[in-house]
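A.B. asks: Chains as they are written, first to last, in the working numbering: chain V, 1 to 314; chain F, 1 to 391; chain A, 1 to 327.
Hints are computed from structural coordinates only; laboratory data are not their basis. Be aware that one or more of the hints could be misleading.
Here are the simulated lysine to any residue pairs, SDA-like style, with alpha carbons at most 20 Å apart [claimed, not checked]:
no.	chain 1	residue 1	chain 2	residue 2
1	V	310	A	79
2	V	310	V	49
3	A	147	V	57
4	F	386	F	353
5	V	310	A	185
6	A	129	V	49
7	F	386	F	370
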Amino acid sequence: MSTAETQERRTPGLVPVAETMRTAERRPSSESGQSEPAGPPVRLASAFWRLLGSELGLTFRRPRNQVMLAVVACVPVLIGIALRIASADEAVGGLIGSVAGNSLMLTFASFSFLVLLLMPIAVSVVGGDSIAGEAGAGTLRYLLAAPAGRTRLLVVKYLNAVVFAYATTVVVALSALVTGLVLFPVGPVTLLSGSTISVAEGLLRILVTVGYVGAGMAALAAVAVALSTFTEVSIGAIAATMILVIVTQVLRAIPQLEAITPYLLPSWWTKFDAVLRSPVDFGSLGQGLLVFGAYILLFGSIAWARFSGKDITS
Amino acid sequence: MRRGTFVRWGVPIAAAAVIAGAMGAGPVIAAVSGDPVLPERTAQQLLADAAAATKDKAGPPPMSGTVQQTASLGLPALPDMGGASPLSLLSGSHEVKVWYGAGDKLRVAMPTQFDESNLIVNGDQIWYWDSGDNTATKIKMAKGAEKPHALPTPGPADVTPQQVAAKLLANADEHTAIRVTNNAQVAGRAAYQLVLAPKDEGSLVQEVRLALDGETYMPLQVQVFAKGSAEPAFQVGFTQVTFTPPAEENFSFTPPAGAKVKEETIGAGGDAEHAEQQAESAKEARKDTKVVGAGWTRVAVLPATLADLTAKPAETPSDGKPGSHWKGGSEGADPSALVQNVLKTATPVSGTWGSGKLIKTKLVTALLTDDGRLLVGAVTPEEITKAAGTK
Amino acid sequence: MTVVTHEAGAPFGAAPPSGDSAIVTQGLTKRFPGGQVAVDALDLTVPRGSVFGFLGPNGSGKTTTIRMLLGLVAPTAGEYSVLGLPLADALPRVGALVEGPAFYPYLSGEANLYRFDAADPTAPGGTAKKRVAEALERVGLSAAAGKRFRNYSLGMRQRLAIAAALLGPRELLILDEPTNGLDPQGTREVRALVKEIAADGTTVFVSSHLLTEVEQMCTHAAIMRAGNLVAQGTIASLNGGLTTRVRVETPDVADAARVLGTLGLADVRMPDGGAAAVTADLGAHAPEDINAALVREGVAVRGLAVVRPSLEDVFVGLTGEGFDVDG
Ligand SMILES: Nc1ncnc2c1ncn2[C@@H]1O[C@H](COP(=O)(O)OP(=O)(O)OP(=O)(O)O)[C@@H](O)[C@H]1O
Ligand SMILES: [Mg+2]
């Protein structure tokens, strides 16, 4: 089909209305930056990032998500204060006990606690809401008619959840670092192996922990997004993801089921303790990242298979 | 359903297949590439080579690696026990990291979730570090006591393949059929496998496989197969190993600031830590122990009553609560709880020898007679009742 | 010319030849899981430049058809083409309002439009501000642009949905019941807007069950009944099936009927009850001639009207009088 042909055919219907000034302005020929409507559609490379930006804006400006980040940020502060009070009268051992002696350890102690439930909940909410929330509100049909493109929208939604997962992780780390620096002494960090590293090295290991824990949460986000494509009720997808997390945590605690624990996501979240060993157990971290990658691949492809063929009837 | 639906769902199915493939790839690659890479050896040649390789030098070559120990003895469910307890080794799978430098430098680390215990030996400096209770223990050898890495402790506390291998090689005699395969792969290394199969019908052991590194002849893995089971009932071996001298910093330990520092002397009694405790009681028990039979069907007979077994042994460490762990609830192992648990599965038996309770697992049969004897052996129930008849 | 339509990754619908039609469907069928056939072998042709009314009672399959055209629902069978392009290329030139407005309640009207503008891969971000402002202005929402959608009235919501459909240059507008919830003033504005848009050469496909609305704005119409297309064509051709009648209000019913008969008017009908009016097919006669003849014969004419057939008559004739929803 030629462009000229279409242009000629743009005769008004049977309702003769004189062209207003405004309609003349809308003529593509007089529009400088506008794409020619009848020409081949110009897909802009920047459009993907624009949609992702819009998605991130929606996620981080949403009060619910801000509250979740705030709650997650409060926990290290509470742990810090509790330990400060407790350490005064009684010596406690283990990771939690080491906090009293070193400010940086509060970050690891906070992660060891938050990674079990609270961070997964925050990530489940954003991931589970991703597709189901739009479907439930009806906005999904307008996004797809825009057309956002199903694969493109799914990728944007997942990346958005990943960014939120990392944001949660960074918020925990920063809150714990600041609280630790205020409440506890700064100095060389004692590792689980009994050896000591410098503060700079300790900060570097916190950075590695953030990278690893964030990846673990990103893997959970893949599960949440996949579940989100199966329902139009976002609370359903969120609850399903959280139940999955809780059930796997329970399974992990049953000694008879030890054989399956390496396949469960939560088993690998706590493996960030590899950075607290000497030498750093990169083998364990690498294996964890492989597991996270496998979860992302599997649940990402399930989400795609479901979403790309789904009838949008909401 | 439309064709498109099948095509789409093919993608996650393919992804699942790729993941399953990647998980199974290790063994598969090993099986493909693991065909005779090593020259053929007879059992004698192999044992001679191995003996030469270990005797010529002061010990095994410097190395580091991860040792995994798995036991599925068919015991009843054990209560959740502290990671560091020797009893916990009786079920499930455990991992320790080993660094071995030249001569008398050794570090063994047992990492558990958010905790780690270390045994560091550097010449006559021996440290035991437990992050759980933030305690560094300096261990001193009493005069005449053996070095800790050569402790004669029997049982599952022997975690390095060297120790287990040595013990098993000692049993290789006229009771055993021995063959050698040269295409095994352990921890990514080509290995010889020495297969020891008991000739005696009364043994519960199908065979014992000992993998020796093709280059250094260092034992890499020991597997014990019970009769009628394709999976090893007990296995200890390297999952990862490197034969390069580990960094020196692994063997230097200074108690960190803020840690409790204790000193203990081994070989002079006292409240030593678990493993040594076990060794002590094992030594004591050996005095009263009688052995019936020969080879693989040996049965140990020791005096014991039901009351003895279920009572809490007086010598259990009295320091009680372990360090406060995050996971909590991991109370120190209580052997009497284990015994009580095991006894629940016992079946009453009787015969010309008297009567008692029989406990059968995949690898071990135990008989507690009513006249106060405990018979234990890797033998069939028939064999153990026979042994019960020999007073 | 044959165009195969499919969105990347989602093989929705292959296209029949489109010619100079904005929308063509051939045997388009949707059977929902559970067996409900919402649309049954629909053959629809929407000419470019037309204002096309898509009529049908509740549950007749209008929205389902629109969802299929927008790639939201996969057809069970049949083919369709929108603007003669692959669907992914056609959709940026299609503005749509499907089954009422749906927006993010916690965002302002303006922010909502930015959101949907960002979803269009062909819309440059640099000119988004202009597009959004223009769209808001066209629906008269500029003043309420900063208000949260949650606080919009029903009519404002509807207007915002139309504004979203008007983001950027459109070749085709698909509007599913655009005047739902609007006050008479709003209804008139929408009608005027549709006419203005059509004057640009934009094809407008508007579903409705308000017959007068369709009659007033549309050049073409199609009528659905229980998933089947029962009629389609220009408004004139649809009305063509029925004839224009003349209606004479008079107390002298019998005399009037006689005069009309002698004038040669067909199908003269006397009133059934007490109504004092006679009707007849107008045919080629001029109404003023009829009036003159009646007066000449001394019939007291209280009123004389030419009754053109309404779409409602066509609609009711084709879909039945019954109020109950089919299927
Ligand atoms: N998701 C669905 N699952 C099953 N049946 C459906 C679904 N959506 C619509 N239907 C059925 O398809 C038929 C057509 O529905 P549709 O919404 O297309 O009608 P409509 O013409 O738009 O009606 P209205 O004028 O009331 O909006 C109805 O009988 C409806 O019950
Ligand atoms: Mg509808």
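A.B. asks: Now, for every hint given, state plainly whether the structure supports it.
C.D. replies: To see whether the hints hold, each was checked on the structure:
no., hint, result
1, V/310 to A/79, "18 Å, holds"
2, V/310 to V/49, "25 Å, violated"
3, A/147 to V/57, "18 Å, holds"
4, F/386 to F/353, "8 Å, holds"
5, V/310 to A/185, "39 Å, violated"
6, A/129 to V/49, "17 Å, holds"
7, F/386 to F/370, "16 Å, holds"
Comparing the model with each numbered hint stated earlier shows that hints 2, 5 do not hold.
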